[in-house]
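Dock chain B against the given chain A, drawing on the hints supplied.
Just so you know, the sequences run in chain order A and B. The numbering of the first sequence is the numbering used here, which starts it at 1 and goes up by one. The numbering of the second sequence is the numbering used here, which starts it at 1001 and goes up by one.
Check each hint, because a few of them may be wrong.
[Stated by the list, open to error] Label pairs and their computed distance ranges (CB to CB): (1) B:K1058 with A:T188: 42 to 50 Å; (2) A:V193 with B:K1122: 37 to 45 Å; (3) A:V99 with B:S1127: 33 to 41 Å.
[Unchecked claim] Below, computed lysine-lysine pairings styled on PhoX-like, alpha-carbon distance capped at 25 Å: (4) B:K1122 with A:K9; (5) B:K1058 with A:K255; (6) A:K16 with B:K1019; (7) A:K87 with B:K1072; (8) A:K5 with B:K1072; (9) A:K5 with B:K1107; (10) A:K255 with B:K1019; (11) B:K1091 with A:K5.
[Stated by the list, open to error] Which residues of chain B face chain A? A few of them, derived with a C-beta cut under 10 Å, are: (12) R1068; (13) E1101; (14) N1104.
Don't read these hints as lab results, they were simulated from the structure. By construction, the Cβ of each residue, glycine as well, lies at the ideal position given by its N, Cα and C atoms.
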Amino acid sequence: MSAFKGLLKKDFGISKFWFLFWLIFLLTLLIIPLGMEIYFHMPLSFLPMAVILLLGGHVFFLPAMLLSLLHLEGKTQLWLYNPQTSKVLFLSKITVSFVYQVISQVLLTGVGLTIYQFYKNQFFIEVSTLFKGILVLNAGLLLIALYMSCWALFYWTIYHSLGKFPAVKNWRWLVVLILFFVLNTISTLIAKVEFIKEIVNKWTIPVLMNTNFNYKQGGWEINLNAAEIPLAGIIVYVITAFCLFLISCWLLDRKVEV
Amino acid sequence: MTVQLSNVTKRYGRDFSLKNVSLSFEKGKIYGLLGPNGSGKSTTLKMIAGLVYPSSGKVEVDTEEVSRQTCKKVAYLTELDMFYPSFTVGKMIDFYASQFEDFNSKKAGQLLLDMKLDRNKKIKQLSKGNRGRLKLVLALSRESPVLLLDEPFSGLDPMVRDSIVKSLLSYINFEEQTVIIATHEIDEIEPLLDEAIVIFHGDIIGQKNVETLREEEGLSVLEWLKSAMAERERIENE
Chain A
1 MSAFKGLLKK DFGISKFWFL FWLIFLLTLL IIPLGMEIYF HMPLSFLPMA
51 VILLLGGHVF FLPAMLLSLL HLEGKTQLWL YNPQTSKVLF LSKITVSFVY
101 QVISQVLLTG VGLTIYQFYK NQFFIEVSTL FKGILVLNAG LLLIALYMSC
151 WALFYWTIYH SLGKFPAVKN WRWLVVLILF FVLNTISTLI AKVEFIKEIV
201 NKWTIPVLMN TNFNYKQGGW EINLNAAEIP LAGIIVYVIT AFCLFLISCW
251 LLDRKVEV
Chain B
1001 MTVQLSNVTK RYGRDFSLKN VSLSFEKGKI YGLLGPNGSG KSTTLKMIAG
1051 LVYPSSGKVE VDTEEVSRQT CKKVAYLTEL DMFYPSFTVG KMIDFYASQF
1101 EDFNSKKAGQ LLLDMKLDRN KKIKQLSKGN RGRLKLVLAL SRESPVLLLD
1151 EPFSGLDPMV RDSIVKSLLS YINFEEQTVI IATHEIDEIE PLLDEAIVIF
1201 HGDIIGQKNV ETLREEEGLS VLEWLKSAMA ERERIENE
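Bound-form chain B, shown alone:
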């Protein structure tokens, strides 16, 4: 299943969140949408999930223009706090299972064990790290063709980050799913990525195949990101 953004612009009053962006995401690949805070990464993911609409241009998932119903095909991990604090972990899982047809409760049970989360624990009693883990459980338990992860490591300690990367490796369907990870914390996800896209001030300033980048240019994704952003800043200042 492909995800296509064609000449997409998103404006909030006079400010641009995305400027005439065109991108294509293919099935079976893991994309890193990289850039500093406020560069437009989250807006891009929200648009693909049908939670934000473009001011102009078109966003398509599987050749269908995105609408609120697109979330049937798109699993989305948000950076925001999405939980109902009075719910238990189990109730949150059950709620997701009732809403999304592709939710695999068995997989959720396994993920809960792997993440060492207690079904009976109230969400308001969970630490930030465990809330992050629960978000991942909910996203990875869906067998959707598209998986969007918005800042999955935000505010989490290295131990939690490590467990999240391991879960991604174990539970992503590498052949069937299109995975897009938006983050400004690159070190942890670099080994996972097939493609890296740099977004800066709402513009796409570069897209590279990670393997080619390493083997032909001898650069890590982080080094390339820094050089791409420095180059763009230099051009903007001229």
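Next up, chain A with everything else stripped away, as it sits in the complex:
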């Protein structure tokens, strides 16, 4: 068995019950609106919205699962007693969380498509447009979740790097919080600069993702409109994620201690 495969098996092993609980939780969150629809005799009134909201909430799923895995290891940090590089150690956890997210999204999309099958005469949307929209939505959610995971990784390693300094050890959550606000303020200020705005909006990619929902005469009207995604923005996000990952790896190797 290769070292990476061994790490994957370990990470799946320690998290499989968490994921099972998540699926049960998800199912509960779908059954409640379904029950309400049956009770109030209002088919398709709550469930589609619940599916969309739960799917949208998946941008937080991957970082949350990743942080749970890291929290478990962070109790002793003895996972660092391993000859694999920090990149490999992190990648294993990201891969496991990513796989869980894909499964969860596929399940929710499946529920959404099942609803569509039952009530397709009440939907006013072209099938090809719907499928394109679903694909873009799911891919977008995964990419955003990956981006957010890199930030989660970065803040987690900062937090644990500060653990060896007794002066800030009890206040390191505050340091991380301040850093979070400072970095967000800086990025907001940069985004407001006209020159940067112009560059960012110069090249765009049209994608079907701007979704509008309207409840009309006992049925939902869903409109998928083309939205312009700035190409430069995507490049900045990819570079940022890559840099955050590398900084986190460096911190894990050099500053996090057992």
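Here is chain B on its own, set in the frame of chain A:
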């Protein structure tokens, strides 16, 4: 393979865990790193394993400065609880085998039999003694040039301690491995030791060859440890 600590200091804020420590560990010898709780024994072992970095000075294993990759050459038994409770004994062994190239699965199988550990038993169902035994199985199954054992008897009853000493005698490669055992429980390991090093408040206050100590000074390691520490306390109080 030698392990070398040169003028190593480890600080945590204003507190010192190690103060300008210089030590050398040679191949084929068993060292006892002795001292009371909080004296710096565990920090020394963690530094050799690449899990903690010195504030100043240098730690080298086989002339290479220690990094996280050093664990390729160093088998380390920690005093901490290192297991994933949902794993079985067998899964933990398989995980180690996948991560460390020098892990000998055959040796692990034999050690499991010797230690009477069931491969299929969940780690959360193991007693403290059996968890201690499993840690030893994982450390001794590696054919690494350096073996570090941090408090291998901590919290274990005399029967388990006895079985651990027997395993050490059977499975250590006395010619090839450098073995460092950090403990404050000396009675059990005294017969194994070649060299004894006393560490106290982050300082090395003595190093003796155990045979010389016994034959020339007529002292057991424990007696020498007590006298060395009493002497240091007297100096510190003056």
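Going through the hints against the structure:
In this structure, K1058 of chain B and T188 of chain A meet the distance hint of 42 to 50 Å, their C-beta atoms being roughly 45 Å apart. A beta carbon spacing of about 58 Å between V193 of chain A and K1122 of chain B contradicts the range 37 to 45 Å that was offered as a hint. A beta carbon spacing of about 35 Å between V99 of chain A and S1127 of chain B agrees with the range 33 to 41 Å that was offered as a hint. With a C-alpha separation of about 16 Å, the suggested pairing of K1122 of chain B with K9 of chain A holds against the 25 Å cut-off.
Simply put, K1058 of chain B and K255 of chain A have alpha-carbon atoms about 16 Å apart, close enough for the 25 Å limit, and the pair holds. Between K16 of chain A and K1019 of chain B the alpha-carbon distance is near 45 Å, which puts this suggested pair outside the 25 Å criterion. With a C-alpha separation of about 17 Å, the suggested pairing of K87 of chain A with K1072 of chain B holds against the 25 Å cut-off. Restraint check: the Cα-Cα separation between K5 of chain A and K1072 of chain B comes to about 18 Å, which is no more than 25 Å; the hinted pair holds.
Taking the CA atoms of K5 of chain A and K1107 of chain B, the gap is about 22 Å. The hint holds against a cut of 25 Å. Of the pairs offered as hints, the one joining K255 of chain A and K1019 of chain B holds, with about 20 Å between alpha carbons and a cut-off of 25 Å not exceeded. Simply put, K1091 of chain B and K5 of chain A have alpha-carbon atoms about 13 Å apart, close enough for the 25 Å limit, and the pair holds. At its closest, the beta carbon of R1068 of chain B sits 6 Å from a beta carbon of chain A; the interface hint therefore holds under the 10 Å criterion.
Interface restraint check for E1101 of chain B: the shortest CB-CB distance to chain A comes to about 8 Å, inside 10 Å, so the restraint holds. With its C-beta approaching chain A no nearer than about 15 Å, N1104 of chain B sits outside the 10 Å limit, and its interface hint is violated.
Of the numbered hints given earlier, the model fails hints 2, 6, 14; all others are met.
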